[in-house]
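Enquirer: Whenever a hint applies, use it, and build me the whole structure from the sequences.
Number of protein chains: 2
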Amino acid sequence: MVQRVYRQIQESALEARVVIATSVSQVDSIRSQLGSEVVIVTEPERRDTFPAIALAAAYLCDRLKCGREEPVVVMPVDPYTDMRYFETIAQMERAVLDHTADLVLMGITPTYPSEKYGYILPLQDGGCRFVEKPDAARAEKLIHQGALWNGGVFGFRIGYLLGLLSQKGLPDDYQALYSVYGTMRKISFDYEVAERASSIAVVPFHGVWKDMGTWNTLSEEIREDIGQVICGEGTDRTQIINELDIPLVALGVKDMVVAASPDGILVAGKNESSFMKPYVDQISRRPMYEERRWGYYKVLDYRAYGQGVHSLTKHLFVGAGKKISYQSHACRDEIWTIVEGTGTLMLDGHTRNVRRGDVAYITAGMKHALCAVTDLHMIEVQIGDELTETDIIRHDLDWQ
Amino acid sequence: MVQRVYRQIQESALEARVVIATSVSQVDSIRSQLGSEVVIVTEPERRDTFPAIALAAAYLCDRLKCGREEPVVVMPVDPYTDMRYFETIAQMERAVLDHTADLVLMGITPTYPSEKYGYILPLQDGGCRFVEKPDAARAEKLIHQGALWNGGVFGFRIGYLLGLLSQKGLPDDYQALYSVYGTMRKISFDYEVAERASSIAVVPFHGVWKDMGTWNTLSEEIREDIGQVICGEGTDRTQIINELDIPLVALGVKDMVVAASPDGILVAGKNESSFMKPYVDQISRRPMYEERRWGYYKVLDYRAYGQGVHSLTKHLFVGAGKKISYQSHACRDEIWTIVEGTGTLMLDGHTRNVRRGDVAYITAGMKHALCAVTDLHMIEVQIGDELTETDIIRHDLDWQ
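Going down the list, the sequences are from chains G and D. Be aware that the first sequence starts at 135, since it is given in this note's numbering, and climbs by one per residue. Be aware that the second sequence starts at 135, since it is given in this note's numbering, and climbs by one per residue.
You may find that some hints are simply not true.
Put simply, identical chains are the same to the list, so a pair is met inside one copy or across any two.
Stated by the list, open to error - In the BS3-like style, the derived pairs of lysine-lysine whose C-alpha atoms are separated by at most 27 Å in a straight line are:
{"id": "1", "residue 1": "K388", "residue 2": "K267"}
{"id": "2", "residue 1": "K411", "residue 2": "K388"}
{"id": "3", "residue 1": "K199", "residue 2": "K302"}
{"id": "4", "residue 1": "K302", "residue 2": "K456"}
{"id": "5", "residue 1": "K199", "residue 2": "K457"}
To be clear, the hints were calculated from the coordinates, so they are not data collected in a lab.
Expert: Rendered as structure tokens:
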């Protein structure tokens, strides 16, 4: 989704600088998808959309030296849209520049009385009423009254948001806001800003808009099952995505979403899938699959033994020409077995060429780096008493 | 199940020799559960119950030197029963010895008009009528007429079955029958023998009998979910077994069975789960988890690269005092990393002690064996152009 939206912005007539606000866990994945030059504002932790947008506004002003009068349009990465969407964003920019209102929203023309979206009902006095997830009858009535879906797209001047921060007694410079970020209230931009704004305008969008942000909405767009899936006897109106390397058999599964990935398995009724967040929040475990600047890793196995000893096994893929940076680990040994490809390995200052079948034994404290010459796969076995992604000491290295 | 039934037979008053008929893929697992002294007749391939029982009868006569007049009771390993079941089997043995009939069946007193079982209706002429999986109304009527569930338990003299083989033009000696096994028709003992028998008797059983042979019946007996399972919002009347190391979230899942294991994932309505066989038969892949005499292995990763090269990664557990036999592989190198425990490794005639952190590089053709001193875990990385369980050459080895 981020690749598509990024490409669409570049193909549009917008002369926009793109800044991505995201959490720290997504940074490597986004850089590997969009390139290392993309500008990212990293949220130190997840605190909903108002803190995230406020931090990004402060970053634009302090770090990118944008003026307080410059317009910003905030857009989510979830929806699938056609190019007219970006023309509407240009209209929103003009509305901000023209001082039409402090806050400019995009309203999506509803195609059916969905119970899943928020509605914006423009009022006669120029204001708006917001209605979250109405039932079908209420939605029908709202549409009849001229209500639009809230697309979560907001336009404003940077100074408007920084002013709001000052009003709330919060710092409006980036570094200070970053340092109090963990104390900010978890609240959405809709609740904290849009529903309280006194000067508001809505720009309607009539084109294709499909929300890919929940399984419930995404599954309407998926035509075929993905992965090793066998649907039999009585399976109907069900979307299955299987990213695991094992087969999935579905019998008598109706109106459901089934998603299996290295991080976990979801089996959910389409309606109930929208309410998964609190259950998923109960799961606190290390990531099992992550994209990195250099490729990706997948955790294959994790075991705890006696005396606090653990082993962890990963499959690593390093793209041709990519590098794993020079690093060492305090609490673990690593045994690397190259299973495909060729590369150059640096161990404590000495380089050697490696290829399929080669094994490297990297003890705790030993500095190591890898540069893949061709696409390279390896199995990494970690042994130690603390096996975390944070046990990593970076070292400088100038590859010849 | 096999452990419980085996123990119950030993605790019962039956003075029976137990012989297990099973397929080759189950042999190691059964020996590791019941001990290496258990007598197993191995079916060269799956061909339903008539060929399997016939082969076992020939084995009893030829290899175990049982007389043709000796009684045999064939019982499936699936049902959960109380000890009275084994008293009924003793009654069946007496009925065979008393020449009550050529074939003696066990009839389970029905507790409800199940649509899932076969029914035996004893007729006035001393014969029986068999009705497979009737609908509820027909089942009700059958029970009213005195029908019993077919428990799949059969008693006969060995010579009776060997005689049937001769009548059908099939050999009745073990070696000859084994060699034509692959040409025998796939047919159940019920259809081939019971439904055609002219001399038949039914011994009723009134005790506890629960079929654990299908998910549908098994799930009635499972009270709690097993493994990392989070049930939320609207999940009801559903049994979940998760043997994977990743969490499973179930929302709005009703009247279903969900089973996730290293071999695959099943998501099925309880009714539809009985019809999974043809779909599972479509899956032809290597086993992902197997119990062995020495412990177990679990496949973690399998990849195919260019030029026919593959890599396969396993986690192996070898119990203290157990041995992996002396062997070599023609088509692959193996890299073993010991992640826990201690043992003795034999490589091309040389022994060395190994412990956590040690790595062994076993090239194609190199003879290797392992004896675990303590419980031992290792990660095995295989690299080669053919990675199968059958690429194994056994060698003699006399550990000192």
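Enquirer: Each of the hints needs a verdict: does it hold here or not?
Expert: Status of the hints after comparison with the structure:
| no. | hint | verdict |
| --- | --- | --- |
| 1 | K388 to K267 | both (24 Å within a copy, 25 Å between copies) |
| 2 | K411 to K388 | both (22 Å within a copy, 20 Å between copies) |
| 3 | K199 to K302 | within (23 Å within a copy, 93 Å between copies) |
| 4 | K302 to K456 | neither (46 Å within a copy, 69 Å between copies) |
| 5 | K199 to K457 | neither (33 Å within a copy, 69 Å between copies) |
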